[in-house]
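Q: Spelled out from the first residue to the last, the chains are:
Protein chains: 2
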Amino acid sequence: MANISRRDMLKMSVVGAGALALSSVNANAAENEKAVKFDEEWDVVIIGSGFAGLSAGITAAKRGNKVLILEKMGRIGGNSVINGGIFAVPNNDLQKKEGIEDSNERFIADCMKAGLNINHVDLLTQIANRANDVYKLTLECGAQYRDRLEIAGGHSVPRTFSTANGSGSGIVHPMVDYFKKMDGVELRTRTKFDEFILSDSGRVVGLKVREGYKFDSKLLSDDDENTTGEVKYIKAKKGIVLAAGGFCRDVFFRQQQDPRLGPDTDSTNHPGATAGVLLKAFQIGATPVQVSWIQFGPWACPDEKGFGVGSMYNVNASFRYGISVNPKTGKRYMNELADRKTRADAMFRVIGTDKNYPINICDSEAVKNLLPNHLEKPLEAGILKKFDTLDDLAKNYNIPVKEFKETVAKYNEYVKNEKDVEFGKPLDKTVVNDITISKPPFYAERGVPKLHHTMGGLLIDTKARVISTMTKKPIEGLFAAGEITGGVHGASRLGSVAIADCLTFGMIAGENI
Amino acid sequence: MANISRRDMLKMSVVGAGALALSSVNANAAENEKAVKFDEEWDVVIIGSGFAGLSAGITAAKRGNKVLILEKMGRIGGNSVINGGIFAVPNNDLQKKEGIEDSNERFIADCMKAGLNINHVDLLTQIANRANDVYKLTLECGAQYRDRLEIAGGHSVPRTFSTANGSGSGIVHPMVDYFKKMDGVELRTRTKFDEFILSDSGRVVGLKVREGYKFDSKLLSDDDENTTGEVKYIKAKKGIVLAAGGFCRDVFFRQQQDPRLGPDTDSTNHPGATAGVLLKAFQIGATPVQVSWIQFGPWACPDEKGFGVGSMYNVNASFRYGISVNPKTGKRYMNELADRKTRADAMFRVIGTDKNYPINICDSEAVKNLLPNHLEKPLEAGILKKFDTLDDLAKNYNIPVKEFKETVAKYNEYVKNEKDVEFGKPLDKTVVNDITISKPPFYAERGVPKLHHTMGGLLIDTKARVISTMTKKPIEGLFAAGEITGGVHGASRLGSVAIADCLTFGMIAGENI
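So the sequences go chain by chain: A and B. Using the numbering used here, the letters of the first sequence map in sequence onto residues 1 to 513. Using the numbering used here, the letters of the second sequence map in sequence onto residues 514 to 1026.
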């Protein structure tokens, strides 16, 4: 059992009484429907209001179902509403227009390479097949995208849309508005799932929830210790969709999987990203799959908390059109467009134990590709800095000037030759558009990987049905989509495939429920 | 969901009716004690009769407890009785006698390096602290060891005992005999665990089992489909120890964690090594930890099934005193004493898709270090071959002769210099005792990694108590030890630490129950 710090143990013992009281209530993961009086009845109940939950909700409601989406937080949208809004759509129309060749096989091969070949190919194939469908669904809801394609790290071609406002909110907000206008639906916040209600045959027929619950980020485990809210029993005639997201902010559970992650390890995720729903599903026999793989997003900044305002500068400018430099040596140390695990591992080696954070650099041509707020906000926050000369930049971060300028000159040469002979960063014109590091002012931001995505979770089949460990068949009435599932991404997810994953399996759940 | 082959799906649908019938019975993982009439009553009930179960049983019985050990198979000892009988004991007396310096820190550092630093250090520390205690327990039971120390791959010093008969049976059989002579104990075979019996407060108070059950290796999932045996309810007043081993032979569950593992992927494990007990424990809230890490043993032979008779030749002769060669190139390709994951990964790269199995080679001086049966049995089976000259050997395996002889000459030079400048194999005198590849006859065996150990499992604390996902505290009445637990070994277990792990946490469970 990985150690929780003394401070946290203390914190825990303070709330011990509450936790113990709950433990008896929780001894069984599920209640039997015969012992329950339902307060209300819906066709479909969805836990979670991010990309997956909204896609499932809209799809199910379109098919005439009465749909209730439950969100435990006061705010709608989970991680989806704060993410970077980049969305991989293999074989999209803009690729065709721009002459970029893509295929299902190419998309799957890119994902498998990052995923260390343990991805579930049948699930990846569903994403490849359906990404254009869900992209169109977001357009129908009113989402807007920039008229250009990004290349997210690890993808072999540009295939990634980005929202017009540069955030996942550019998809979530239109989908919420669209959903709320549909007939016979409701999206209810501050409502926390507690238990599954099962029939005698083991079918999931409803949920025990608490309304008016208030998430408390000061607790070591809100899932176990928080007792706020009023109990209600909700029947789901056709089924339940688990779309509750990952567990990057579950201090206890994540540390058991990787003891190096302490309570203070920063994450890009919102505070409610805990493992509660996942763990309850295991207790009714859902199959755990690849739960130990936890991903760091390599484009975060150590000078702010969470996802912050500085990540998108690296995602869409410095990593694509610039370089990442070790300030001790003045040299590059990785392919800035490699997959996330490869980059995070390389960055951690540079950072070492003495917090030698890499410096992510590009020039004024590069930042023209950014949305205005992705440049202005980090500058305002003081985490992104602007320099008139490379000498000034080097001086500010204590980088050896001569080595640094040699590094920049070499990189610029690679761009001209469209070939990075050192680290293999893709430098074709379609990717970097001839942009070198030449035109002042120059920009720089310190970089650090932060906990970003939990690859593992519940095993689902291609119809988004949760598979039982006991029967190897679907648990009747139970579906799941998005980060709470596992297998799709294998050991490491490629950037911009989360939105495609969540929306696709949300839609599939909505179609099959 | 990883694909099960068409053949297996067919197999599955044949048994579908049975599986469905069981699914309703299994809808809840646990029954309440109020609904149960117990047929018998013990202080301690242990599931599994390998190293961990026997250690727990003997320790608990020594403390005056009435102890029942349940074994689902007809044969006692699970994987323990067929393993290679190598047992790492850091800081042992023979090391001191031979002037080998060791320490807890050194042992833990070796384990962490192989485990990619995600090991649970508190658990490793228990092994380091208690390995000498459990070694003495085995001596007390009558186990016999050779008067020399082995160096298992990835250990930085020789610290590994091996049993006099070269098999885990050299420990299991004396322990079984010892246990059976104790007062108030029983070891019952063909008895299969089905369900936990819980009290209202969630304490584990007993088990539902089936006696006279017959394991059926022809079923895709014996755990779900086998209905043989007669139901019995057994009360455990003080607690239950889960010592049911790993899941290397669980075709369905292992493939979800790594879809590359097909039903035909060979394993060193006995056919009963399935995930049934582990998965049931998840359903009463036991915490899954690092379940996706599955280890290949790099010392197996493709020319026989399972652990076979050829593995120990590589473990104790060819890898320590010889070399492993790529038959296509005639060259070495790895440190033959690296940790298992490093070696298995290297071997798989050589094997590729065209089954280009490496050749593991040593000379007649090297094999003098083997127990007679570890040499004779594979020779008799025809999987280990003997050659008068290196030319004959090369010819037999189609190895380019010139390159092969250069490889041998280079390696012999490394041994003389006590330094492998190519792959960093440790070649100090204490490890290889000046043995080169010089004296005919020469020996060779084809090599392949086989599924060997599942690192992940149930989260336990340093008292071997199973930790609940809900309370982060022990599930009352529930202990676990050995391969069914996770965290100890991180991403990859070092050879010869399994016995130390199983015996240590078995003893700790027996002390704390």
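I should point out that these hints are in silico values taken from the structure, not numbers from a laboratory. Heads up, the beta-carbon is just placed ideally off N, CA and C, and yes, glycines get one too. Misleading hints may appear alongside valid ones.
[Unchecked claim] Looking from chain A toward chain B, a few residues come up when the C-beta cut is under 8 Å (computed):
hint, residue
1, 2
2, 120
3, 279
4, 291
5, 387
Q: For every hint, state whether the structure bears it out.
A: Checked hints:
no.	hint	verdict
1	2	holds (6 Å)
2	120	holds (6 Å)
3	279	holds (4 Å)
4	291	holds (6 Å)
5	387	violated (37 Å)
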